[in-house]
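Based on these hints, arrange chains B, C, D, E, F, G and H with the ligands on the given structure of chain A.
Chains as they are written, first to last, in this note's numbering: chain A, 1 to 212; chain B, 213 to 424; chain C, 425 to 636; chain D, 637 to 848; chain E, 849 to 1060; chain F, 1061 to 1272; chain G, 1273 to 1484; chain H, 1485 to 1696.
Worth flagging that the hints you see were computed from the coordinates, not collected in a lab.
Quick caveat, the model's predicted, so the values are computed rather than measured.
Incorrect hints may have been included.
Here are the simulated lysine to aspartate or glutamate pairs, EDC-like style, with alpha carbons at most 20 Å apart [to be verified]:
#1 LYS650(D) x ASP270(B)
#2 LYS1498(H) x ASP1168(F)
#3 LYS226(B) x GLU1586(H)
#4 LYS650(D) x ASP266(B)
Going by beta-carbon spacing under 10 Å, a handful of chain C positions derived as facing chain D [stated by the list, open to error]:
#5 GLY573
#6 LEU595
#7 ASN600
#8 PHE615
#9 GLY618
#10 ALA622
Cβ coordinates follow ideal geometry from the N, Cα and C atoms, glycine included.
8 protein chains.
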Amino acid sequence: ERTGDAEVVYGAGKTPSQVVELLQTLHATHPGSAVLATRLTVEAQEAVTAALPDAVVDPVGRTAVLGEPGVLRGTVAVVAAGTSDAPVAAEAATTARVFGAEVDVITDVGVAGLHRVLGVRERLDAADCLIVVAGMEGALPSVVGGLVGVPLVAVPTSVGYGASFGGLAALLGMLNSCAPGVSVVNIDNGFGAGVFAARVARRSAPRERKDA
Amino acid sequence: ERTGDAEVVYGAGKTPSQVVELLQTLHATHPGSAVLATRLTVEAQEAVTAALPDAVVDPVGRTAVLGEPGVLRGTVAVVAAGTSDAPVAAEAATTARVFGAEVDVITDVGVAGLHRVLGVRERLDAADCLIVVAGMEGALPSVVGGLVGVPLVAVPTSVGYGASFGGLAALLGMLNSCAPGVSVVNIDNGFGAGVFAARVARRSAPRERKDA
Amino acid sequence: ERTGDAEVVYGAGKTPSQVVELLQTLHATHPGSAVLATRLTVEAQEAVTAALPDAVVDPVGRTAVLGEPGVLRGTVAVVAAGTSDAPVAAEAATTARVFGAEVDVITDVGVAGLHRVLGVRERLDAADCLIVVAGMEGALPSVVGGLVGVPLVAVPTSVGYGASFGGLAALLGMLNSCAPGVSVVNIDNGFGAGVFAARVARRSAPRERKDA
Amino acid sequence: ERTGDAEVVYGAGKTPSQVVELLQTLHATHPGSAVLATRLTVEAQEAVTAALPDAVVDPVGRTAVLGEPGVLRGTVAVVAAGTSDAPVAAEAATTARVFGAEVDVITDVGVAGLHRVLGVRERLDAADCLIVVAGMEGALPSVVGGLVGVPLVAVPTSVGYGASFGGLAALLGMLNSCAPGVSVVNIDNGFGAGVFAARVARRSAPRERKDA
Amino acid sequence: ERTGDAEVVYGAGKTPSQVVELLQTLHATHPGSAVLATRLTVEAQEAVTAALPDAVVDPVGRTAVLGEPGVLRGTVAVVAAGTSDAPVAAEAATTARVFGAEVDVITDVGVAGLHRVLGVRERLDAADCLIVVAGMEGALPSVVGGLVGVPLVAVPTSVGYGASFGGLAALLGMLNSCAPGVSVVNIDNGFGAGVFAARVARRSAPRERKDA
Amino acid sequence: ERTGDAEVVYGAGKTPSQVVELLQTLHATHPGSAVLATRLTVEAQEAVTAALPDAVVDPVGRTAVLGEPGVLRGTVAVVAAGTSDAPVAAEAATTARVFGAEVDVITDVGVAGLHRVLGVRERLDAADCLIVVAGMEGALPSVVGGLVGVPLVAVPTSVGYGASFGGLAALLGMLNSCAPGVSVVNIDNGFGAGVFAARVARRSAPRERKDA
Amino acid sequence: ERTGDAEVVYGAGKTPSQVVELLQTLHATHPGSAVLATRLTVEAQEAVTAALPDAVVDPVGRTAVLGEPGVLRGTVAVVAAGTSDAPVAAEAATTARVFGAEVDVITDVGVAGLHRVLGVRERLDAADCLIVVAGMEGALPSVVGGLVGVPLVAVPTSVGYGASFGGLAALLGMLNSCAPGVSVVNIDNGFGAGVFAARVARRSAPRERKDA
Amino acid sequence: ERTGDAEVVYGAGKTPSQVVELLQTLHATHPGSAVLATRLTVEAQEAVTAALPDAVVDPVGRTAVLGEPGVLRGTVAVVAAGTSDAPVAAEAATTARVFGAEVDVITDVGVAGLHRVLGVRERLDAADCLIVVAGMEGALPSVVGGLVGVPLVAVPTSVGYGASFGGLAALLGMLNSCAPGVSVVNIDNGFGAGVFAARVARRSAPRERKDA
Ligand SMILES: Nc1ncnc2c1ncn2[C@@H]1O[C@H](COP(=O)(O)O)[C@@H](O)[C@H]1O
Ligand SMILES: Nc1ncnc2c1ncn2[C@@H]1O[C@H](COP(=O)(O)O)[C@@H](O)[C@H]1O
Ligand SMILES: Nc1ncnc2c1ncn2[C@@H]1O[C@H](COP(=O)(O)O)[C@@H](O)[C@H]1O
Ligand SMILES: Nc1ncnc2c1ncn2[C@@H]1O[C@H](COP(=O)(O)O)[C@@H](O)[C@H]1O
Ligand SMILES: [Mg+2]
Ligand SMILES: [Mg+2]
Ligand SMILES: [Mg+2]
Ligand SMILES: [Mg+2]
Ligand SMILES: [Mg+2]
Ligand SMILES: [Mg+2]
Ligand SMILES: [Mg+2]
Ligand SMILES: [Mg+2]
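Just chain A, with the same shape it has in the complex:
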């Protein structure tokens, strides 16, 4: 058994009514947890809003959530540099929460502005798992990973042009990070990073509470 894992609808290539139907069905069979839909087109988002008033739709992360996750355990910090990477960061944050972790979103933290990174160091240290989202050269995970010893999942994004080759530059940068303890997921895969980080955070949580 994998307590905390949620049911998910992968919206890419599905029609709006297929998404609505799958959300309804999964919610009916898993009433005690949240159901997540990702990669929703604008049309699918509108169909969910219209058909399922209880669903929470996020147009930035292109997700919909129906139902509530159970007790949240542990904390995932999602770190991103700017607005371009926001959709991937939002997908990661929503996923981590639906998969059972508290989420701390830290934005506007870029490589070219070290003081902002240094300023959030305590929040980074307090997390049980970090998700660091970056496009272009993908250097942010190295900088963050050099500061704190928390497990860090890096998410390259397809943000960039020319020699970014659709996120390849960021992906290769992250795989070659000189900071140890950095692992990487697919380009734009906020969902995968969210699942991974929530699993780590949920396991880590009792540590904080063991004296309670």
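Here is chains B, C, D, E, F, G and H with the ligands on its own, set in the frame of chain A:
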């Protein structure tokens, strides 16, 4: 402070005497923990054996360890298919232990022999973090990740020929894994996987012991 | 002579009326066998339906078939994981049947759900040739090829994003399969796999019937 | 059960004595069939010759065979252009025979000499499965596949320089073959092609003999 | 001086009226030769037809020609397999003629149908320079180059899908051709091949006529 | 018949005695023309020198020539920038001469020294076909091709490091040349360029002599 | 402090009203300098023109500038071959000026027309930093860099087709330039080149004026 | 004339005696400046030391310098993370000095140790041009470029393994740097960066001295 992280000598490009000297110096300044040297040439391994009789040298993983890690917390399972991937698996296992986690090494577990995978399922489930090492098509993490909900770090190896392109095929396979909760490190980077997994395992450990 | 091979219209880059006309002409000159059209746009499918009421149009596989194949010999099993790979699997299945083989379609069989794979093992074993369709990391052929000794043609699909690089990850994975007896066709080339597998199956068929 | 498949030792990365020992052990446990070792270094070939006088060592294909395959069924034709591709062709031929098929080796058949190709057409047609080995531009499978309707496995080789990129040019050429019914294995993977083709040929055999 | 070379308008990225204006201006300043426009959009073709009734517009090759080339010398044969490659073959043929050579267009000549290739051998031999256009695996130049000793310029096209990678497979195949005397131009560059071949043919021509 | 084409031994992968024997045999069967051997190791060059005193061995181009080409017709100019590209230029020059053309070798002509290029313009113009050899960025063919209207075959070399990727940068540069009338052969393929250019030059020659 | 650097709005992915608002805000807080917006869609350009009548909008370079840069120091020469590369050259020129340098734009200077390059040599020599923009084979920086000793920033553009691979050919060519003193920015990154060159030029300026 | 530029011998592919002879000749013809030799093998370094006692040989950067550069003007700061990148950093530093600039070498400055970067900020600010050398993910230029407004030339190195692909990861990272004002040279090209930076620094120098 990052309790549990060890000092490390990256042996690639260093002379045998540089390796010996660095191990000695780091051991002197960190007497209460283990010091790790990786990527050692045969010459460097011999120099360490000769000069530092207390060091444990592993010719398979090409590592040397001087000193003892502190109390081990949590368990990392290292899974690999065969003898070709053994050096990377050994580097991962030694690193995870030096970085403070118990290690369970599970070998001869390949995609083309599902019964062996199914047979070790309980050991997989019992771990706090999995390291799955695979070359060629790199499919093992998907199979293992489909069985258990434990955080999983995949390590592609450069084992293969032709269209494996030095590990690229395995790397891409792992990044595209259909099993969620899989993250990836650089080709042949057993060290990075070991650091990452030990950090996850150390955090997870108190859970098992909280009633004690 | 290549008994069993069918005439084919490759629909990509052809106008609807060109497709209709070619189907008609080929059917007239080959009345005793089926004629196949592949890669049909929605417009071409509609034109075929309107002009040739006897044609069987498959909107999933984007094919049209006019006429009946002769006696089917041998069995091709087409295995695929999910709905995203369905168009390629359907193209393969239709092609194999038009080229003279019985077809057994086995869906919802994915790497991350081994029990379903194990559950269809007898159907896999009973086939004369397997076509295994998979996108993303393309690991399914290795798993299936590890279970049975039937000749296996793997078809990578362009399903995926980011580091799937349009099917490259699946292609490389399949070429590096650790299961022997796996051969590979071009990305999304259900047609080529169908031709190949039908040729194998037609040759194999007498084995099953030799005591009859 | 997979009647006809043989036990195999993959010699790459194994010491000569490991190869000898594995051959002996597998031969002892499978006395009724042949055991194959591939990718043998010159040293391993010499060790096998010295220790196992009954073994047949092929320095061109870098293989050793101990024991005899059972009754051979069906015919695999192995087609190659020249001496550069000979090692891969030899590995394919030996493998196909050890895996239970008759083998017809057809050499000196190149794209730039069509008359030789046309001259062997009957032998091509008589085979149950073709293995076509080619380096550089890898065009031979298209030419052969345009002549006959026999299932064809293409093996790209790493023969070439510059923009052959270690066999990539031949691999891509074969994957894009305009002749249908062509499938492809990894660069230099004569072994995989041999297993595949032998499985096809063994199944096809009864056809030839059904009136007997 | 380069007698025979024509003025050219590269239509990509130009508006219809820019194309018309450039054709008019160049024609006015070079009244004794033909002016060529390539890569014309449908809109640009229509604008040329409307504004310049003397221009010859080719919708297949997407070219327009205004004025007449001078005396044609030598012969360029343009060889292509099928309708998909027709636009590139047409661009090559028109360019070669505008640059001063007679052109012999030979179509429906593919690798998978050797008899048709053999059937046009005399026309191939009679040319002063060959242009061979092919997509997918790009094998046709090797086959043609193996038959005749005429200088041969190969043009890879972007026709194909999946592992054709936009013409890369054909390009690499042609660069690695086992037939000597094959040179290659950029993917889809019928224009460049036409200029090159016309220059060769114009120089070769006097040979044929020297006894006159 | 292809008057002027010579017999060739491709030395790569052949033993010194194989090379000697092949040269002898081909020379015996083609006494009236020259026989060429390319890609000779130092050992093969020494064996040829020792066994065949009449052979002309070129250690720079790694070639050996036995016998004399017939009457030379037309002129090939071989242009190269410096000493690094000299082996490829020498292979091209020797090949062009053995295949029946006069050769004019023009060295020390680089992109970064335009005055030297401008200074040899008349020799460039006087040639019937140009071979331009360049490594690194491969820009020389564009510069030369912008000056003269002679057919130009560009040969990229593997000279360079880092992002030259074994000649890929030069190859791509030449394929994208903004000068029309440039065609390209494989990386380091001086032989192929020599065959091509000699064929062009031999055809062009009578022009110069037609008044004679 | 970085005197001379300007505030910038990166327009890609921003709505027209976001662009307008950011320009206004930054202009209000930095009244003494110019504010630059790049990568503007046609819609954003129209919105800026309508809302900010003082802004200078350049539809070629897709930029808008609000306010005036301070005293210009030093000169940046922007060199480009033709109209296709004009957008990138315009972005570079506008950026360099907004970042505080005089700009000399030199167009119609291509590799295939050396006399035009030689004709502008004095303007090249007079600059403090050169920006050389080129697509296709990207050879222009080598030619210019071979003429003058001024620091040179090369900008590859995505202009081209086929084997230009979206600017990769030009990028690799520039990185491998045989002219020393050439550095390179990302494909189509006129902005980055403009910032870099302006910084160089501003520093260089006092040299020219030191006797004043 | 390019005052300050030096004569250079590129040692790759040259014999020790060729290097010695070229250094001597160039020194004789340019007595008032320094002559530089790069990429020297150990043998060439020894030959230079033996034959030219006045030469300064650097075994780390593999360079030799004969003679003294004239008056140094401006300052180039060379920044590198560690010992692996030291050879490239040393080649850059020696080149910049030989080409006429003062050089400030700043080592042990890595992305994963931000405090060291922040600690050298004044030295970075004081330079006229920065050379930042980094392998693996190549993130250091982004971090440094985010701190100071000095022109910055980034040098990717081939240090790394696996997905560093010989320096490609670092190269792509630097080309996609989110810090503006970063330009890039070829992998391991310390020489090119040194020439470029010295040219910038020499031009900038009078600024510092204009009140003198
Ligand atoms: N954004 C995403 N990226 C990758 N995989 C996803 C994403 N969202 C959902 N998935 C996976 O898709 C599965 C559901 O697929 P489906 O049944 O096609 O809706 C989930 O169990 C997830 O493993
Ligand atoms: N030349 C080869 N290329 C690829 N795989 C091979 C080759 N030879 C043997 N194998 C595979 O390697 C397996 C044996 O591996 P091992 O146990 O390491 O000796 C066999 O079952 C084959 O599947
Ligand atoms: N289809 C084509 N592909 C590549 N280059 C071309 C093509 N058509 C024309 N050109 C080149 O473009 C030049 C004219 O470019 P432009 O001045 O922009 O019209 C001609 O001189 C040719 O060298
Ligand atoms: N390390 C280096 N990397 C790239 N180019 C270099 C290097 N060292 C010298 N060069 C170039 O090589 C030229 C000398 O080449 P050569 O005449 O072959 O010795 C110099 O003028 C430099 O432009
Ligand atoms: Mg970023
Ligand atoms: Mg494996
Ligand atoms: Mg799949
Ligand atoms: Mg071949
Ligand atoms: Mg074709
Ligand atoms: Mg060069
Ligand atoms: Mg250009
Ligand atoms: Mg580094």
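Problem set entry | Minimum beta-carbon distance criterion (10 Å), GLY618(C) to chain D | Constraint on GLY618(C) satisfied, holds at 9 Å.
Exercise. Is LYS1498(H) within 20 Å of ASP1168(F), Cα to Cα?
Worked result: holds (16 Å)
Exercise. Given the hint that LYS226(B) pairs with GLU1586(H), does the C-alpha gap stay at or below 20 Å?
Worked result: With a Cα-Cα distance of about 31 Å, the restraint between LYS226(B) and GLU1586(H) is violated, given a limit of 20 Å.
Problem set entry | Status of the LEU595(C) interface restraint (C-beta, 10 Å, chain D) | holds (8 Å)
Exercise. Quick one, is the ASN600(C) hint okay against chain D at 10 Å, beta carbons?
Worked result: holds (6 Å)
Problem set entry | Hinted pair LYS650(D) and ASP266(B), Cα distance within 20 Å | violated (31 Å)
For this session: Would you settle whether the hint for ALA622(C) is holds or violated, based on the nearest Cβ-Cβ distance to chain D being less than 10 Å?
Result: holds (9 Å)
For this session: Verify the proposed pairing of LYS650(D) with ASP270(B), using a straight-line Cα cut of 20 Å.
Result: holds (18 Å)
Exercise. Holds or violated: is there a CB of chain D closer than 10 Å to the CB of PHE615(C)?
Worked result: holds (7 Å)
Problem set entry | Status of the hint placing GLY573(C) at chain D (closest C-beta pair under 10 Å) | OK, holds: GLY573(C) within 10 Å of chain D, min 3 Å.
Figure legend: structure checked against the earlier numbered hints; hints not met, in rising order: 3, 4.
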